[in-house]
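J.: From just these sequences and the hints, can you work out the full model?
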Amino acid sequence: MTNYAPINESIRLWVTTTVSPETRSALATFCRRNGFSHLFFEILDPLLSGNDLVLALATTDRPWPPKGIGSQTIDAVGIAMIGSEGRGLLTPVLADRKHSTNLGLAAAVTKQLLETLRDRKASSAAYLVRQGDRVLERVLERAGFARADLHVATEYAEYVEYSAAPEKVLEALGLQAMRIGDVLALTLDGRELDRLSAYHFALAAGIVPYLSDSIRFAALLPGLIDLIASLPPGGVPPGTPGPEIPGPGEGPQGPSPGGLGPGPGPSPVER
Amino acid sequence: MVPAIDIFIRTYFRDFRWLELSLLSIIKFVEGFRRIIIVMPPSSLERLRGSEIPASAQAVVLTCQEYSDDYIGQQVTKLSADLFTDAPLIAHIDSDCIFRVPCSLPALLTKNGRPIIRILRRSRRPAGDGWRRCIADFHSEPLPFDPLVSLPIIYPSSLYRELRTECCDRHGVTLDQWVLSRRIDAMSEFGLMAGQAWFKRRDDFYWVSADDEVGWPCFQYWSRSPKATEMQAELSRVFGRRS
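In the order they appear, the protein sequences are chains V and E. Going by this note's numbering, the first sequence opens with residue 1, and the numbers climb by one from there. Going by this note's numbering, the second sequence opens with residue 1, and the numbers climb by one from there.
Calculated directly from the structure, the hints in this document are not laboratory data. Any given hint might turn out to be false.
The calculated lysine-lysine pairs, modelled on DSSO-like cross-linking and capped at a C-alpha distance of 27 angstroms, are [as the list claims (entries may be wrong)]:
hint, chain 1, residue 1, chain 2, residue 2
1, E, K111, E, K28
2, V, K168, V, K121
3, E, K28, V, K98
4, E, K28, V, K67
5, E, K227, E, K28
6, V, K98, V, K121
Keep in mind the model is a prediction, meaning the values are calculated, not measured.
T.: In structure tokens form, the structure reads like this:
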């Protein structure tokens, strides 16, 4: 059993797609206290107004009163963005720095999030991994993920989607059959512990540069972009050509929405 | 002869350490009950390790509905306690209630086979307090006293059913719906029950003043207190358990 077990006993685990003012405020505080305010103000907050985020939260309630602004403290959060085709794009579990080695908590949040994706019949759960990052690739492969067909490019690197069915990941990580109480107390055998440790700590390390606003060095991107919905309408090189461009006098003047077709340069989002 | 009494505890994951201490105190000090009914939502049951419930506690663990707001949810559960047991009398305590001296529940909570309802005529809680106001909101008139006294509190099984019917007749919604629509500072499940007893079945109960009560055998700690861990450690020593 872990020394975090008594602490974890007081932490509430829950999953939501709608964020109350209390939780919104708690998310802002969580991001600020852990040194990544920009994640909230520049990304999460704008996205929260939509219905695409699934948040698995680990929170501690204020002793009294248990409602209102300031009543929640976020200990950890796992995020999935449900994109086109029911894909669940994942952000690694973000834990408060006081829980930096609280693997039981991270695993419990992961379990809740993946179970929710499974129950919502998400087609996949996926991470965006820097191409050629062998450590992350290996860790994800061992967790049931496989290289998929989506690419993202920043100014500095290309990222490849690693995806799997949520239930497959649960099974590979050994979380499927475990009770939440055992996960939180970390009453696992050595092999299970190794597997979860590698998964969580590698992902946590991979996202650090992004959270530190050093995207140049990011081994992992948060799954907070709907890749397919973000594609240009005419397809991307070397992909589909898009709708035919009307000839002179056949349609409206100017380029049609699909008229930009394949181009020579790299696309920021490639399928 | 007093009808069978079951002790009813609605708990959740955060109170498991308190629950264990409460059960140990019942084992040590309480007699005159049939069994302990422990009810919690499924998400909490999944976090129960088992060691919190001593084998000798005569306890049954059951699950209730999951509520997004469990503070109100636990009150809804308590108001349907009769659906979790067939005992004619149900004694409510919370997980953070610790018995400190020996007691017999029939002697403590009944008289001549009738349940005792303890009341406060000199309450520190004003009549406009949300916990008292909800009684008037529900029953259309206030109680002339404060029914919120220290636990355990006992009610006959039939009173729960009657309160549910009353809610449908009076408000046109189920009791669950009525309770869940309340603000957390304006809802008292035991207030509604006492109101039902006072307004509808007054003579079926003994109404006893608790204003000058001393030596009540059950002490209610506050599980949400920042000092909860300290208090638990002290009680664990008393009951010889892990802290």
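J.: Report the numbers of all earlier hints that the structure fails to satisfy, in ascending order.
T.: Per hint list: 3, 4, 6 violated.
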